[in-house]
Each structure stands twice: as C-alpha cells, then as structure tokens.
Amino acid sequence: MLKLRVSDVVSQDPGDVPVVRIYRWDLDKTYLKTEFDSIKDLIRTALQKPEDKINVPGAVALLKEVKRPRPESRSMVTFISGSPTQMRSILEKKFELDGIQPDAFILKPTLENILKGRLKAVRGQVGYKLEALLRVRSDAALSVPETLFGDDAEQDAFIYSVYADLVSGNIGLDVLRDVLVEAEVYATTMEKIMRYAAHLQPDDAEVDRIFINLDRRSPPGRFLTFGPRIVPIVNYFQAALVLWADETFTLDNLVHVAGGMLSRDDYGIQELANSFQDLLRRRVLTSAHLDRLEAEVEVYEEPDIIPSGFVKRLMTRVRALAPRSEIKEREWVGPPDYIEILRADRALKAAVTQKSAGLFG
Amino acid sequence: MDSITLAVDAMGGYNAPRDVVAAVAAASRQGSGDVFFLLVGDEVRLSDLLYEFGHNPERISVIHAPHYIGLGEPAQQALERKTDSSLEIACELVANGEADGLVSAGHPGAAILCARKYFQPLPGISRVALASVYPTPRVRGTDRLGLILDVGATLRASAEDLQNFALMGSAYARLVKGLERPRVALLSNSREARIGPPEVVEAYELLREDKRLNFYGNIEGDEIPRGDYDVIVCEGFVGDVALKLLEGTGEAAFELARSAYDKHLAWKTGLKLLSGGLKKLKTAIDFEEYGGAPLLGLDRVVIVAHPKSGKKAIGNSLKLAIKNIRARLPEQIAQDIAGAEIEGE
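Listed in order, the protein sequences are those of chains A and B.
To convert, note that position 85 of the first sequence is 85 in the UniProt record's numbering; the numbers rise steadily by one, no gaps.
To convert, note that position 130 of the second sequence is 130 in the UniProt record's numbering; the numbers rise steadily by one, no gaps.
Accuracy of the hints is not assured; some may be wrong.
To be verified - Derived list of chain B stretches under chain A, where covered just means 3 residues or more per stretch with a C-beta under 8 Å from a C-beta of chain A:
(1) 44 to 51
(2) 60 to 68
Said to hold, decoys possible - Example chain B residues on the side facing chain A (calculated, C-beta under 10 Å, incomplete):
(3) Ala25
(4) Ser32
(5) Phe237
Derived from the structure by calculation, the hints contain no laboratory data.
For glycine and all other residues, C-beta sits at the position ideal for the given N, C-alpha and C.
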C-alpha cells in the first residue's frame, strides 16, 4: 500500500493493481501555460479561474494515456509544483476539468517561507524540489522506474538530473552535500534531503527519462551536458514518441496523444512531422526507431479519434523528412559536474545583466 | 491563405549557414505561428547549428542538399554542374508548391538565374528586376524608404525593360508603402529628356506617355537620397553602383566619426554627447535593417539578400518575404500592369 502524506494526496486507486511506473510532473510551464515573469503575471495567474487556465499542448492527452486503465498494471502520477499551497483548490478544480486524477499533488509552502523569513527558499527551487522528490519516493516505498517532466523556466533539468543520479547511485552523498551548499539551500532543508537520500537503496529502479518542455525555447544544446536521459521537447507528441521508442508506450498510446493534439490544440501533420524530424535530427530517435514505427503502422488499425488515413499520411511526411544519413544515438559520458553547472549558470545570469557598450567606446 | 511556407537557402552568403540558421530559428519563435520554414542545406551542419539556437522545431523542416553554390563561382556553370545545390532544391520546393517563396543570401547571380529557370515571368514582363529600398529623409507613405530598380538582375536594359521596371516598381511601392500614386523618376545624367544614353532617352518618352504611371521625369544621381520620389528606375549596372555608393557613403561617414573620436578629446566629447542620435542614424542607414531585395517580374516571391547579410538582415528578409506572400505580390503586380490608367496630379 502506498504511504503518501495525507495533505498531498488527491486520490489513490484502491485495489491490488500493481504500480509499474511513476510519472512526476512539474505544473507551471510543464502542464499549464503559465506566465510569471513579472509581478503582473503573478497576480493574473493567482486570480485566474480554473477554466481560464491553458494547458501546454498535448499535456492532457499524454496524461490520459499514462492513466488509461489497464487490468494488469497502473502508473502513478504525482505533481510537484513551485506554486504556493494557496493555489491548491483552483488547481485541483483544473485537474477535475481536464479529467486528470493525480496520485499526489505537492505545492510549495511559500507563505510559510515568507513568514519564517526564508526568502531564499521563496525563489529557490533546488532545496524544495529535491526534498519533495526524495520524500515522495521514500513515502511511496516503491521500486519502480520513474519518468520526470519539467520545463526550462527554472532549474528542473538540473534538479531532476541530480535526483536521477542520486537514485541510480551515479553520485554519492558527498556530491549531493556540495550541490546543496553551492545552491545555498537552508540547513534544515539540507538535513532532510540528506536523510532521505541516505535511505535510497542501491538496487532501486531508476529514473530512465526526463522531459524538459522548452517553454522559453531555450537552445536544446544547453541540455546536452545532462546526457541522453534528458530530452528537451516542444510538445507532448515528442514525449509520446520517446516513450514509444522506450517501449513504455504502445503505438496506440502514441496515436491517441497525436489525436488529442489534433482535436484540442489545432495541430496538423506539418507540426507533428517536423516535431518527429527534430527528434531524429537530435538523434533522440534513430533510423531503427523509424523502421520499427513504419512496421507497426503497417498493421495498425487506426482509431476513429483521428481522420481516416492520418497515421499513414503522417508517416509518409516523416519518411520524406527523414535525414539521409544513418542516425545513431549520441554517446555520453556522465554524470556532469553539477557544481560547475551551478557556477556557470550564475556567471551567465551576471553577464546578461551587464550593460552593452555604446556606439562609441 | 492558411499558412505560409518559406524555402530558405541555408548555405548562401558569407555568414552561412550560421547566420541563416540563427535568423530562421529566431523567426520560428515569433509571429502568429502560421509560418513554416524549409531550411535547405547540409543536414548535418544545419542540425548541429540548430542545437545552438532557441527555436520552434514545429515550424522548421531541414531539407538536405548535398552541395551549395559558392560566392566566387561563375553562376551559370555552377548551376549546370550542381543540380542538387541548396539554391536549386529551394527553388524546386517553391516551384512544386511545397513553399510559397524563396529567400537566399547566396550568389545573387545564381539566385536570379535559378529563379528565372524555375518560375514563370508575369504576363508582359520580359526581364526581371531586383528592387532595393534605401533610407531617405522624407516620409512618403508608410516610411522613409525609397525604391530603386533594377539593382543588378540584369546588366543592361532596353527602353521597354525600363518601362516594365517602372510599372513593377510602381506596383510594389503601392503595395508596400501604401501609396496610391507613387512618384516615379528615371535616373539619368541630366534632367533634360534629350540627354543621356539612347535607351534612357527613349524610355523617357515611353514613361511619359504611359498613363499607368505617375511619372515625374529624369533625375540625376544627387537626387536619389533626397526622397522626393518613391520609385527610381535605372538599368541593373547603374542601380547596383548607385546602391553600393549609398551604402558605402554611410559606412565611410561612421568610419570618419570613429577616427575623429580617437584623435581629439573635444571631438570625443562631442561624439559621446551625440551618440544617442548617431545610433539612431546608424540604424536608419544600416542596410541590415531593410533585408533583401525582392526579385520582381516572376510569378513567385523571391527575396535576394545581400551576401554579406548577417542574422538581422536575413531576419528582415524573411519578414519581407512573408509580407510579400501575404500581400500576394506577384498577382498584385500582374493586376497593376494589366490594370487601368491612373489619374495624374
């Protein structure tokens, strides 16, 4: 039986159906298209009604496939968001409108942090998210693979990567402590994180995929340092394709995500085929994947949620756009130097704020 | 028009493919989301470059072309030898309807020849013309820009060609500057109608009698930058020289200012005080701000950007191409040429 903190739990499926995978999602800019770059944006977001909140294209379609009922197994979905706890009722209503039932939903205690004068914790995400990820994993006491979803607005790629490397034993507690010190995490939070991390078992199932939604259209090369486990995406059709390639999704799951994007998000063949080509160009998918997909499509009976012949037309376009040269997966030597990444990130932020030189001098 | 697709010769220009990819990457993030880009060139180089720039891959397809035409190559021979160059494949994509227009900052001669090979001339047009905008001090219509054509699509032009250039330029100015009756002038070495090369003298008469034009007469070179006329007509050789002279004069003025800045403290102080205004002036005369030159007279939108174009100039060329496609420029020019006479002032 799952052991989640009552305050975090939205729903739990009863019964003995085994959980085979956990999907952990960020909320803003990953599930919801949220703007919080200015105070005005923050206020507007806080006052927005559930029905006015807009989803990232394909997020709902993908989550529905993840949670599609199966008799033999099920997946868990948890949300760990940087939004304040005061948003809970609005966000739960939004989930309800979308037909999504998360298994756990954690929000940030922003007001508590302000009242306690922990101002760095209000803006900082490293301590909060690492602590939440490790706590939920520890509470659930499940050794199943995890898939993580975040975005490029904050430090999701960094945090998720540290978490994944901790779980897989690629980095130890000494590196974790150095990262937390460099990220200026408060001592009390650091202590909790170290305690949870110490309880990780070496034979635990790993985090095998991390998706980063490029909400800010960051250059995808920025994430190369984290290795092939992290896949920057611009829509959830791309995530579904990778999950299909990993054999986590079936072709039917993939087609349903595409179908959802056609009907809800106004996508067409061109956008989907270009998204496919992008993954081939970046060598996330390979020529072998393309061949396998074509073989599966040959014998696939299309559901009526998509226009007749859509999958075959899409495949024709994808094949036409396929790179001429053989595509193989990228090689990677990891894990990255997390301390160096934090320092470089800080240096970059400082450089951006410097004024540019004038016309003369 | 539901959506627009632009074919972009990614390998063309001194700064290609990096600046072309950077410009397309930036353009893919902007706008209403109904513009797609076919980035034509070496797929490995383009894919590697796309890693470096934030972009929206939903709007970009990379189309592989194994070769490209170098800026130093003789255009005709290069096109004959490299039938699978990025330029040729981009033209094919436009010709077969996969794209609505072409942008190239590559070999201008090759771009013009290739466009003429793949696209049809508009009815009544025997020669295409490159039309370039340049900054002027006067606001006419929607902006401070003048239009000069031809600036290099052909070397020489007959009187009839010059008349066609005037008609196409007038139609283009109407469309992009929002002017009902653009002022057209013929570039010569004298304001006197009977002085000048025979084709210019003959063209004067043709333009004067053409009721579709708002023709003002001949002008001399010093009148080009004043901005009294919306369309200045000349043959390609002359137009190319005139345009480069305008560009070079601006650059030389700023070089002089820079050297003065280093020489005397008083000049340095003065220029520092003026730097805000000078920056605006530099922006106003910077050719990178205006993008490329539309190739007029064909049934498709073609923008030929300067080979030394950087990211900004290519980005502006993309915007110009999109604007011209949305405005259905070729159809509009064809209609204008076939259309009714305009009333004189």
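Here's how the hints hold up against the structure:
{"no.": "1", "hint": "44 to 51", "verdict": "holds (count 4)"}
{"no.": "2", "hint": "60 to 68", "verdict": "holds (count 5)"}
{"no.": "3", "hint": "Ala25", "verdict": "holds, 8 Å"}
{"no.": "4", "hint": "Ser32", "verdict": "violated, 12 Å"}
{"no.": "5", "hint": "Phe237", "verdict": "violated, 35 Å"}
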